[in-house]
Amino acid sequence: MLYSLLNSNADYYVNLHGEQVITHAEKSVWKGTDCIWQEEPVSAGIMQRIAATDIQNERLFIDFGGVFQQQSDGEKDIQETLELLHRRQNTVYLMNIVEETGIRLEKGLEKKGIAMQREQAEGGEWFCEVSPSSSARDICQAALCEKAIHDIHMDNLMILMEESPKGKTFQIDRLLQDGEKCLYYFFYRLAMRLVEEGMVDSCGKNRDKLCFVPDNPPAIPIAKALAVFLGTKMECAEAQNSRFRPDMEYIIVRDVFHMSCELDRLSTAISLSGGQVKGVACLVDIYTGVGDRKNRVSLHTIDLEQGISYRIRQKRENLRQKDDF
Numbered sequence: 055m056l057y058s059l060l061n062s063n064a065d066y067y068v069n070l071h072g073e074q075v076i077t078h079a080e081k082s083v084w085k086g087t088d089c090i091w092q093e094e095p096v097s098a099g100i101m102q103r104i105a106a107t108d109i110q111n112e113r114l115f116i117d118f119g120g121v122f123q124q125q126s127d128g129e130k131d132i133q134e135t136l137e138l139l140h141r142r143q144n145t146v147y148l149m150n151i152v153e154e155t156g157i158r159l160e161k162g163l164e165k166k167g168i169a170m171q172r173e174q175a176e177g178g179e180w181f182c183e184v185s186p187s188s189s190a191r192d193i194c195q196a197a198l199c200e201k202a203i204h205d206i207h208m209d210n211l212m213i214l215m216e217e218s219p220k221g222k223t224f225q226i227d228r229l230l231q232d233g234e235k236c237l238y239y240f241f242y243r244l245a246m247r248l249v250e251e252g253m254v255d256s257c258g259k260n261r262d263k264l265c266f267v268p269d270n271p272p273a274i275p276i277a278k279a280l281a282v283f284l285g286t287k288m289e290c291a292e293a294q295n296s297r298f299r300p301d302m303e304y305i306i307v308r309d310v311f312h313m314s315c316e317l318d319r320l321s322t323a324i325s326l327s328g329g330q331v332k333g334v335a336c337l338v339d340i341y342t343g344v345g346d347r348k349n350r351v352s353l354h355t356i357d358l359e360q361g362i363s364y365r366i367r368q369k370r371e372n373l374r375q376k377d378d379f
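In this text, residue positions in the sequence shown follow the working numbering: the first is 55, and each later residue adds one.
Read the hints as simulated data drawn from the structure, not as lab findings. Hints may be right or wrong, so weigh each one.
Here are the simulated DSBU-like pairs of lysine-lysine, each with C-alpha atoms no more than 35 Å apart in a straight line [as the list claims (entries may be wrong)]:
#, residue 1, residue 2
1, LYS201, LYS130
2, LYS85, LYS287
3, LYS278, LYS332
4, LYS348, LYS85
5, LYS235, LYS220
Just so it is clear, the structure is predicted and the values come from calculations on it, not from any experiment.
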């Protein structure tokens, strides 16, 4: 199984570091710690699972971001997988790959008569393309690939969200039972976002003083996964329960965050116990224009305020055009 294998139209995406982290958590029966800081080379198993897919005549993005890369047998497995995908007429993009690894793969594929083109993105990351076409391209494609990857993620995340009497939500337990294992990958992405946004220390410091608190039932498996990935604690506590500690920092977890007032009950309970609310983590943040946007980390934000402002502006412009006419 590939947890991070996402598909949108003719585009596919796999995240190698996400596969490593989730596999590590599965092996420890979701009781391991600090999975995202485990430095391991790309395993042959992950590349074999990619090779076992039936992807043909498509575009496949393989993301190496966060993966510990070194010259080892792992590169042999990567090259063999690339050769197989090439024979199936796929265009393969290696994203965020270490330059030295890209150079060695380029030389190895060249011996097999397969051309690889390397390019450095604006952020400094290296990007490689292996295409069935032998013609050289004359345009920079790194930015286009990043947009395609963003769209793949949004398509696969938003399709899992449902309407409920209380608004939009993710029925996490039911989705997992139905086999939507890509949710574990989205939990991993949320953990990485917390690190990127500085809500969790990038070196894992003070993790023993950090705790995730789910604010609603769908958030419980999310908070549990975040705690395992980041090596922190999780506390399923009710507002009236005084188990919060004054020496701890708490991140409140929701599946979908609608309004700041939703957190008042839990935030008050934590504050009264002397604890500190560090922020909110959620899969989707629906911003209504009310409340502070600071310390809110999500995979996707739906900005209703921007949407309303845009519609008002459009209406005014239409009225002005009618007056001019």
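Satisfaction of hint between LYS332 and LYS278, Cα-Cα up to 35 Å: holds, 17 Å
Pair hint LYS201 and LYS130, alpha-carbon separation not exceeding 35 Å: This hinted pair holds, its Cα atoms lying about 30 Å apart.
Proposed proximity, LYS85 with LYS348 (alpha carbon, max 35 Å): holds, 31 Å
Given hint LYS220 paired with LYS235 - CA-CA distance at most 35 Å: Holds: LYS235 and LYS220 sit about 25 Å apart, inside 35 Å.
Pair hint outcome, LYS85 versus LYS287 [Cα-Cα no greater than 35 Å]: holds, 11 Å
Of the numbered hints stated above, none is contradicted by the structure.
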